[in-house]
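Q: Given these sequences and hints, build the entire structure.
Number of protein chains: 2
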Amino acid sequence: MSAPDAGTSLAARLLAGDRRALSRSLTVIENNAPESGRLISEIFPWTGKAAVIGFTGSPGAGKSTLVDRVAEQLVSQGSKVAILAVDPSSPFTGGAILGDRIRMSRVSESPSVFIRSMASRGALGGLAPRSAEFIFALDAAGFDYILVETVGVGQGEVEIVRYCDSVCVVLVPGMGDGIQALKAGILEIADVFVINKADYDGADRLERELIVMLGLTHAVTEDSPPIIRTVASEGKGTLDFVNLLAKRLERFRQTGKAQERRRFFMKEALWRESTRLLSMGFEKYCETNGLTALSLEELTARKQDPRTAAQELVQEYLTRKSRDAS
Amino acid sequence: MSAPDAGTSLAARLLAGDRRALSRSLTVIENNAPESGRLISEIFPWTGKAAVIGFTGSPGAGKSTLVDRVAEQLVSQGSKVAILAVDPSSPFTGGAILGDRIRMSRVSESPSVFIRSMASRGALGGLAPRSAEFIFALDAAGFDYILVETVGVGQGEVEIVRYCDSVCVVLVPGMGDGIQALKAGILEIADVFVINKADYDGADRLERELIVMLGLTHAVTEDSPPIIRTVASEGKGTLDFVNLLAKRLERFRQTGKAQERRRFFMKEALWRESTRLLSMGFEKYCETNGLTALSLEELTARKQDPRTAAQELVQEYLTRKSRDAS
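Protein chains in written order, with our numbering: chain E, 145 to 470; chain B, 145 to 470.
Hints in this document: simulated from the structure, not taken from any laboratory. Nothing here was measured: the structure is a model prediction, and the numbers come from that model. You may find that some hints are simply not true.
You can't tell identical chains apart in this list, so a pair holds if it fits in one copy or across any two.
Claimed, not checked - Straight-line alpha carbon distances no greater than 27 angstroms define the calculated BS3-like cross-link-like pairs of lysine-lysine that follow:
hint : residue 1 : residue 2
1    : 411       : 428
2    : 391       : 224
3    : 391       : 447
4    : 465       : 447
A: Quick look at the structure:
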């Protein structure tokens, strides 16, 4: 397969490494603009090369600083790095986090680094459905690493870590709730634990707690998640961390875990898009054909409860669709 | 229609005012236990009487204290009151908030008050789909008022306010971000603004900011959201607030806004349940019939992008369903 022909198409420019085309593509994806479908289908064949690393943990754990230092290391090794900062409050702040992110960064001036923020949710709490496509675009644009930075374990911004090849959980000593918050689903997907600000009091205690929680007291294997210490603000431990990450990713490829993760990624992306399409078609059909109105009448008259009404509505929809088709 | 026959059924006991049956019903609903469908269909005809009032605002705004005082007032006027505390962190804390909520409460000992917490989300950020059914159960159990207390504007816990007859936004002076956070969808559904801790510095400034933001500088109508001040910890302003709420609810009934809200409530409940059923049926069919596996093969080989694959999968599903039906 060859790259899209027209030298001026958005996809072609993105694939050629044009930064403005990449920024524009991400905006097209974020807004789900009409041209986004074509864009995705044109860039998708060129995805799958980048390593996607997720960084998650409580606010204040120093994720941004750590990600910045990791990017710096990777660039010094000759890699091209994209940083995707998932912004939980973007609908409210209007994306102010991106400005902060860039201002605080040591690598934002580097030609090998690209930084972008993404709102994790629309108004009233809906998760952005476009995370996977953001990653496709950055991947197709030729970055070797995509570092995804996401705030707030347990606040719903963790969805995107499902699309990562490896997930690092960043903790700091003395934040008692940090470990508690991990219990709900992060443990299963965490590959590396980073104790950042390891020069603070309580680093030893935090490590002991982690070891107990991870069941590492008796059964440490090559595949157990390692615990590493950093002081990212001073660059301490970040080279070791980067080397460890590379080793982990290599190990994942050997054991087949990498392929399994990618498959899971694709399934999630497929599944989210399918149910979105299915629901949209269903809603439109029911509204247009007066089915919603009929159900609502029954409901407001208390003749039927919502569960029963929903069952009948879905049944009626599927029956009608088949009648229409035959 | 008469109440369910068997005097010992869960629904019958709930409708008769049995508190233990109510607690058990809420657990059945929360766990989506097998008997929940029957329970909902049996209690639903007896819903629609309670006034559902939502309280939302930033953590630290004093929502719990305010709700507690409002409950106290309503009880002193002869009403029965349920308090539903939506707990954003419940999967992590194991519902510890309920203990706190009750310990801090002035009304928890009253036979006219019932307090319950509900986890706003499961692991990894999924919103609890059962909010509407929680409200049905409390409503059918005969409470005159259901006070829904939900933390964190903009954190996704606001979903439940869609099911409220009236929504109060609680603010405190000096929390600069409070107003910013309101911009994303809360403004349209807020009926009353409460400046709590109004004895703090900055109450005047907060009120001025609100007035500007709400566009009340030139066009105050009977339907504009009022701004009221309270010091809930001392009970100051809470009687006025309760009276104002009653007046607002009466006005909503006169203008038809109340009926419109209830219709919206029903539509949301119907819609959530329908798309859930539809997606479940779709997923099961695709998995069982090998459609998911086929799509994933195309995806991992990069022969097809997720959007195109999703379109074809949904199309294939609907076509097959109609073939099976004919």
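Q: Against this structure, judge whether each hint is valid.
A: Taking the hints in turn, this is what the structure says about them:
no.	hint	in the structure
1	411 x 428	both (26 angstroms within a copy, 14 angstroms between copies)
2	391 x 224	within (18 angstroms within a copy, 62 angstroms between copies)
3	391 x 447	neither (62 angstroms within a copy, 30 angstroms between copies)
4	465 x 447	within (26 angstroms within a copy, 29 angstroms between copies)
Checked against the numbered hints listed earlier, the structure breaks hint 3 alone; every other hint is satisfied.
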